[in-house]
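Each chain, written out:
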Amino acid sequence: MMTRIWPIALAVVTDSLRRKVVYVVLVFAAVLAMAIPSLPSYGLGIEDAVYREVALALSFVTALVLTLSLAANRVPSEVERRTVYNVLAKGVSRGEYLVGSWLGVLIVTGGAIAAFTGVQQVIALARYGDPMWRLWQGALAVWLEMGVLSAFAVAISAVAGPVVVVTAALAVLFVGHSRSTLIGGEGALALRPFYPSLDTFNIVNPVAHGTGVPALYVLSMLVVFVGFVAIALSAAVWLFGRRDL
Amino acid sequence: MSEGNGPAILIRAAHKRYKPIVAAPQRDAVRGVDISVAHGTIHGLLGPNGAGKTTTIKMLLGLVRPTGGEFRILGEDSTRPGGRRRVGFMPEQPYFPQHLRAAQALRLYAQLAGVPRDEITPRTTALMERVGLQGREKTTLDAFSRGMLQRLGIAQALINEPEVVVLDEPASGLDPVGQRDVRNLMLELRDACVTVLLSSHQLSEVEAVCDDVTIMNAGRVAAEGDLDALLNVEGRTSIRVRGLDGGLPAPVAGLAGDVAVTGGISVFSVADEAVRAVIDAVDDAGGRVVSVTPVRDSLEDYFARLLAATAEGGEDR
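Order-wise, the sequence lines are chains R and P.
In short: position in the first sequence from 1, add 8, done, that's my numbering.
In short: position in the second sequence from 1, add 907, done, that's my numbering.
None of these hints come from the bench; they were simulated from the model.
Fair warning: this is a prediction, and the values are worked out from it, not measured in the lab.
Backbone N, C-alpha and C fix where the C-beta goes; we use that ideal spot for every residue, glycine too.
Errors might be hidden in some of the hints.
[As the list claims (entries may be wrong)] So the derived label-pair ranges between C-beta atoms look like this:
1. P:Ser943 to R:Ala238: 39 to 45 Å
2. P:Pro1023 to R:Arg135: 52 to 58 Å
3. P:Gly957 to R:Lys28: 36 to 42 Å
[Stated by the list, open to error] Derived list of chain R stretches under chain P, where covered just means 3 residues or more per stretch with a C-beta under 8 Å from a C-beta of chain P:
4. 19-26
5. 91-99
So that you can see chain R by itself, here it is in the shape it has in the complex (with noise of 0.2 Å):
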């Protein structure tokens, strides 16, 4: 299986590395990670810690850039431009093709976040004489839920347009970081359980203002992405499957 799955992974990278959005974005967020001291709120005395809240918040918004124009549209356009005949005509499955697709999205995002979290600690060893280590913890966060975002929006685009896939990816990313508001009162406690939060990767606080996490909620992380990620992917494997091309 990972025989096949594989080069279509590498396959999305290689794609993905040619795209100007790549670059583009991480550039920008460069920028911005380097124009981080010269915010106002450094005269409250916590400068090390506004700066590693912000740099994580921008590592978030980098990677969802990314996320979503390569994910959403990854599909779609395969389909649209009938790339994807080639590949299914040799013998390699539907849900193969997607978890490939997925993966190669993922691998490019992990790159991407790693790449940027290694300008945030040079800044940050520049600037602050600490290189910042727990901004790692809080990368592998981002990269985690990305992978989750990307999986949904993978599973949307077996059946949908780029448009309907960011909309609807944004959507995922907006109820599941509002568990609280949405459900906080005591009359719906019960539906907690089955909520499904993306809460569990937002661990800003603790990195930023905090030591980080402990090792043990990092496998917790590491146990609601993989249930996440196989569930959006098994809908993906069946919507997808059902779909005529």
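Fit chain P to the known structure of chain R by using the hints.
Relative to chain R, chain P alone:
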């Protein structure tokens, strides 16, 4: 090569009904299509636009979900991925990821098809040469012309050394030399016992290479069978004779039709079953038979006549 007892490709009672999401009449794109392709033959699939050829091929290859029917390639259910591993497919107007180089694209498809790692490079080199793209291995595909993409499409279809090849309009966009190359390639494949299902609008191409054809119209099979039998519609044979200066002998004159005499050669047609008797009579009269060939319709004429007939039949219904 697989030499099973059954046909290499079997399509039985293929049916595809498109159900619109909004309230609109359902449309049957393919209805009860049966196609059987013998091992090591080239089978043509003909029909006007909208006849259901491409839908049938897509159902065969699992790209479109059939409403009903059975689809087998080399005895395996070809709608499942595992049933397509020994198949090569070239879609109409093949598209490729434009950022790849030609050799990279072939490498990708070789990996997907499970070609052993150490065989990928030699196969890629050999196929690039075979389809006339040698020296273009490092050219990115956005610089390829339509004809070059078509050639690459054929190469990717053959990268896994398939036992069955499905070609959808393989000569489309090719210049005459390219079309000849494709014809020769198909004949080479047949010589190597590879089964070819060829969907084409180019009747001359079909006529030149196909052993059997299936002609589709309005989602149904309008005609099928051996090409010679289909085109020999009159059931007559054309005979050219030299040396009958005194005219056709009486036994021949009574059987011959469409008689023409030019430059000492008499050309006439007779019913197939009378050929032996006519040749004997010509011999007895001192004539010399120059050629004996079936009276063949051109595929183009046959095709047009068939479609007109099925259209009239459809109107009658």
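Results of checking the hints against the structure:
Checking the proposed 39 to 45 Å range against P:Ser943 and R:Ala238 shows it holds: the Cβ atoms sit about 42 Å from each other. For the pair P:Pro1023 and R:Arg135, the beta carbons lie near 53 Å from each other, so the given range of 52 to 58 Å is met. Roughly 41 Å separates the CB atoms of P:Gly957 and R:Lys28, a value that falls within the hinted 36 to 42 Å. Beta-carbon proximity to chain P at under 8 Å applies to 4 residues in the stretch 19-26 of chain R; the threshold of 3 is reached and the given coverage holds.
For a cut-off of 8 Å, the count of residues in the stretch 91-99 of chain R with a CB near a CB of chain P stands at 8, and the three-residue condition holds.
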